[in-house]
Amino acid sequence: MDLRSFRNPKLVRQVVKDLSEYRNEVKIMEVCGTHTMAIGKWGIRKLIPENIKLISGPGCPVCVTPSSVIDELINLEGVTIASFGDLLRLPGSIGNLEQARAKGLDVHTIYSPLEALELSKQKETLFVGIGFETTIPGIAYTISEAHRLKLTDFSVLSLGKLIAPALDALLSDKQIEIDGFILPGHVSVITGTDAYSFMPEKYRVGGVVTGFEPLDIVVGIQKLLGQMTRPQIINEYSRAVTKKGNQNAQAMIERIFEVSNAFWRGLGKIPSSGLIIRDEYSQFDASKKYGLMVESPEVSLAACQSAPASVSNVSANCRCGDILKGKIIPIECALFNSECTPDNPLGPCMVSSEGSCAAYYLYERGYQ
Amino acid sequence: MKEDIITLGHGSGAGLTHELIADVFHKEFNLPSLDDSARISNRMVVSTDSFVVKPLFFAGGCIGTLSVNGTINDVSMSGSKPLYLLASFIIEEGFSIKDLKKIVQSMQQSAEESQVRIIAGDTKVVKRGECDGIYITTTGIGILPEDVNLSATNIQIGDEILVNGTLGDHSAAIINARQKLMLDPMPASDCAPLYGIVQFLLRTGKLKFARDATRGGIATILNEIYRETKLGIIIEEDLVPIKNTTKVLCDLLGLDVLYLANEGKLISFVSAMTQEMIGELKKQKYAEGAAVIGKVTDEVDGVYLRNSIGSLRPLRMLASDPLPRIC
Numbered sequence: 000m001d002l003r004s005f006r007n008p009k010l011v012r013q014v015v016k017d018l019s020e021y022r023n024e025v026k027i028m029e030v031c032g033t034h035t036m037a038i039g040k041w042g043i044r045k046l047i048p049e050n051i052k053l054i055s056g057p058g059c060p061v062c063v064t065p066s067s068v069i070d071e072l073i074n075l076e077g078v079t080i081a082s083f084g085d086l087l088r089l090p091g092s093i094g095n096l097e098q099a100r101a102k103g104l105d106v107h108t109i110y111s112p113l114e115a116l117e118l119s120k121q122k123e124t125l126f127v128g129i130g131f132e133t134t135i136p137g138i139a140y141t142i143s144e145a146h147r148l149k150l151t152d153f154s155v156l157s158l159g160k161l162i163a164p165a166l167d168a169l170l171s172d173k174q175i176e177i178d179g180f181i182l183p184g185h186v187s188v189i190t191g192t193d194a195y196s197f198m199p200e201k202y203r204v205g206g207v208v209t210g211f212e213p214l215d216i217v218v219g220i221q222k223l224l225g226q227m228t229r230p231q232i233i234n235e236y237s238r239a240v241t242k243k244g245n246q247n248a249q250a251m252i253e254r255i256f257e258v259s260n261a262f263w264r265g266l267g268k269i270p271s272s273g274l275i276i277r278d279e280y281s282q283f284d285a286s287k288k289y290g291l292m293v294e295s296p297e298v299s300l301a302a303c304q305s306a307p308a309s310v311s312n313v314s315a316n317c318r319c320g321d322i323l324k325g326k327i328i329p330i331e332c333a334l335f336n337s338e339c340t341p342d343n344p345l346g347p348c349m350v351s352s353e354g355s356c357a358a359y360y361l362y363e364r365g366y367q
Numbered sequence: 000m001k002e003d004i005i006t007l008g009h010g011s012g013a014g015l016t017h018e019l020i021a022d023v024f025h026k027e028f029n030l031p032s033l034d035d036s037a038r039i040s041n042r043m044v045v046s047t048d049s050f051v052v053k054p055l056f057f058a059g060g061c062i063g064t065l066s067v068n069g070t071i072n073d074v075s076m077s078g079s080k081p082l083y084l085l086a087s088f089i090i091e092e093g094f095s096i097k098d099l100k101k102i103v104q105s106m107q108q109s110a111e112e113s114q115v116r117i118i119a120g121d122t123k124v125v126k127r128g129e130c131d132g133i134y135i136t137t138t139g140i141g142i143l144p145e146d147v148n149l150s151a152t153n154i155q156i157g158d159e160i161l162v163n164g165t166l167g168d169h170s171a172a173i174i175n176a177r178q179k180l181m182l183d184p185m186p187a188s189d190c191a192p193l194y195g196i197v198q199f200l201l202r203t204g205k206l207k208f209a210r211d212a213t214r215g216g217i218a219t220i221l222n223e224i225y226r227e228t229k230l231g232i233i234i235e236e237d238l239v240p241i242k243n244t245t246k247v248l249c250d251l252l253g254l255d256v257l258y259l260a261n262e263g264k265l266i267s268f269v270s271a272m273t274q275e276m277i278g279e280l281k282k283q284k285y286a287e288g289a290a291v292i293g294k295v296t297d298e299v300d301g302v303y304l305r306n307s308i309g310s311l312r313p314l315r316m317l318a319s320d321p322l323p324r325i326c
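Protein sequence lines correspond, in order, to chains A and B.
Counting along the first sequence from 1, when you hit position 181 you're at 180 in numbering that gives the first Met the number 0, and nothing is skipped either side.
Counting along the second sequence from 1, when you hit position 254 you're at 253 in numbering that gives the first Met the number 0, and nothing is skipped either side.
Quick list of simulated restraints, FRET-style, between CB atoms:
#	chain 1	residue 1	chain 2	residue 2	range
1	A	R254	B	L252	20 to 30 angstroms
2	A	S92	B	G157	50 to 60 angstroms
3	A	M227	B	E235	30 to 40 angstroms
4	A	N336	B	G128	41 to 51 angstroms
5	A	M227	B	Q274	49 to 59 angstroms
I should point out that these hints are in silico values taken from the structure, not numbers from a laboratory.
Owing to the predicted nature of the structure, the values given are computational and were not obtained by experimental measurement.
Quick reminder that beta carbons are idealized off the backbone N, C-alpha and C, glycines included.
I would like the entire structure built from these sequences, with the hints used as guidance.
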């Protein structure tokens, strides 16, 4: 598909002009890192009227991964770690995976979980299975392949997370005032728009599933503003997303994983928002194979929020939690661009290329 | 977390590399500048570069062609004519002599193309596992014509920024090969000598400064130039030449072409060239896709990209290599 028409400046400006007729103050949250980056990259915040506030929620899998996971991985011996690139600079309390690699830990950056499977044919490999619904079907397929091939030196640390339960948790927090959501495009390809129907029903808040081109985003906002009095879920990304989603992918997830409670860095424990590997495939479950303590909210919470900076590299002043909840924007954190930069990230939102703080650092401040 | 050991980020060519050069090499060697080439007399220029690449052979070239063209280009950017090369090899025990021959033959071919002679070298073999196949270091020597003085200090408001073709081709070829992405058409590296293009631009009388846009891409170079000159720069996204496959790769992995490596592209600052001159430039070898992509301006303070929908965004120096995203 030729996406150029979705970057047509005339069309974008026409929609932006229409947006200026909307007078109320409104807060819209996006919950997808790729949207966060697209909004920054295309300069959408500066383009639209000031009364329409775009805030970034928990849209990046790296940002919501507890730092204790990194500590556990660094302390593993004799196992090759295969990880997506974003995770390499996530700070744990004793450094990050990139630094651990420089000190001798065998860490491979991969693009597809199947590469980890290949690696495991040469050496015992642990794949760090991080991601939302977009990535999880690929991980599930990889585990089913490992099962079919009867591999013994392959395992997955399942850190998969589900978006809809996180939205539910956010909406149930009375302190958070969000008038509408820009819902993730790629996640929704898998889940379908039905996954969000609880939002208008339970909380009277609507959302729009949209794509990542500038016209997608401004039209998404326009449609969202049009339904404020009668909240609903709108599909602006119909070229990729359906009501029911990709049912084959859903079945693949269901076959390999079961739903569990999960700890989200900055948000805490969210019921039914994580995925653990089913007992039938437990030989591929790295948390069991190596006795990793990734599901302990006590450990994670301590590392995330309350531990003093002397114990943990995650600074006590880090406000990633408030940023993920949309309570403050990154530039309101005292550490932003002073102690916390992409060279020296203190909090997870600065580490991932799609974290809110990294996006603000790159795009939403002056050049200097 | 100030790092006390070398990480891969220190080799990215971006912010961490700059820090390392400034903190360690620059300080101890007491160098006048951070360049990878130097003038050792009024007219003699030397430049050196080490080459490590995986895979060793890729579409559009190999470590051999890179090691010759890379150093030829470093010498050429000053306006010098590259004449001689020295080449040193660190080879891993067990490396195939057939492959070594292939690499050395490609080096000789590349040198002949640019009328450069490889005149001396050195070979070391290390134990299996102590290096990854083969590493090559080349040093180039060239002569600078008397009346040529290319320097970032020549750059002025109003100058145009010109590239000689599509950006990001080398990175695209390497990522495609390493990750077996099987992109179709298969991206090929742009590895090529740039001496001829610099000479053409010199003949127009419009050239002020040129740099080969390798590691870190044109965005990193533009930031280096801004740091030195404090002159604002705007790049027009719609004017940046990019192959469709590279664009797809960038969209897929969340990468920005302006930060990807090139091995046969220069970015040059020129005072207004006529359409006729640009037309002539495009007839030169390796400059078919040449385009003016931006300008030096007092509209902004810093380096900015004006995107397709007309908004400006800062184009910063990255700390390290861009990481591909998860989803």
